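S.K.: Sequence:
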Amino acid sequence: MLSLPGVSSNTNARRGVLVLAFAYALLFSATQTTALGQTGKSPIPLPSPFTPIVDYAHVIDPETRTKLESIYLNLKQRADIEFAVVTVDTTGGQDIFEYSLAVARGFGIGSKGGEKNGFLLLVAIKDRKYFTQVSDHLEGDLNDGLVGEIQRERLVPEFKKGNYSKGIYDTIQAYVATLAEKRGFNIEGIDQSYAYREAPQQTGTGAGSSGFSGPCGTLIIIIFVVILVLSLAKRGGKGGGGGCLNLFLLGSLLNSGSRGSGWGGSSSGWGGGGFGGGGGGFGGGFGGGGSFGGGGAGGGW
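So for the sequence shown, numbering that gives the first Met the number 0 puts the first residue at 0; every next one is plus one.
What the hints contain is simulated information worked out from the structure, not anything from laboratory work. Everything numeric in this text was worked out from a predicted model, so none of it was measured. All residues carry an ideal CB built from backbone N, CA and C; glycine is no exception. Each hint should be verified, as a subset may be incorrect.
Stated by the list, open to error - Result set (EDC-like, lysine to aspartate or glutamate): computed pairs, CA atoms no more than 20 Å apart in a straight line:
#, residue 1, residue 2
1, K160, D88
2, K165, D88
3, K125, E157
To be verified - Restraint-style ranges between C-beta atoms, simulated for each label pair:
#, residue 1, residue 2, range
4, G139, G161, 31 to 37 Å
5, G92, Q191, 37 to 43 Å
6, N185, P42, 34 to 40 Å
Make the full structure from the sequences, and use the hints.
M.R.: Below, the structure is given as structure tokens:
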């Protein structure tokens, strides 16, 4: 067996094993977050009796909850559009985009038939992160740029002051007022001055997202990893500094890929089930549409 000058074959073999182990570990880390949004299962349970306002972080006051529930019922009756507000303390290290996408799909937000319209505002209080997921057929009215603008102007300033109830309510009111104006219906109790005009639709991968997002991005990363590992294995111990640089670049690439389509943009569509059981005065649960392809926007405060 041929070996590099001054380097034993055993040393080359050990380096090759370390390179492979490191690459597999990074690849596993990169794909786990993406997998969450594709499972169709919510990482958190839907409360029973059913309510569309799921306040696990306990930051929404009773008056605001009542107003949000009233908006939900009116919006569902007038326009067959469902929404949910979810607060959690933390996503437990999961990316906020993938976490919220899994919740939106797992809860089955949106009517079962027709356009399956719905949206979700999810907030992770201790993580100081938020994301709004918008169903496929609502993206024309609530595009990524518009959703991002509403959150930056209505949600972020109030959250920075600790006014979580007001930030959430103003954001939902802005979404609903905008939909009412664009789709030509009226919702009782909504201030139509909160309606937003059109914002430029983001193109490409969206603001703040990497160029390696969604299933196609994951496939590209896997191919890149295989090529890089084979290249490093062939070179063995030659050029140790270059090998470290390649590993660093590989780690950076996989880390960016694991964030998915992070802060706006779309990925592949999916139609999930929902929760039809439960009680309460909201029809027993969401419609079960779950037609969310990753449209929406989010950020931090």
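S.K.: Tell me, which hint numbers fail for this structure?
M.R.: none
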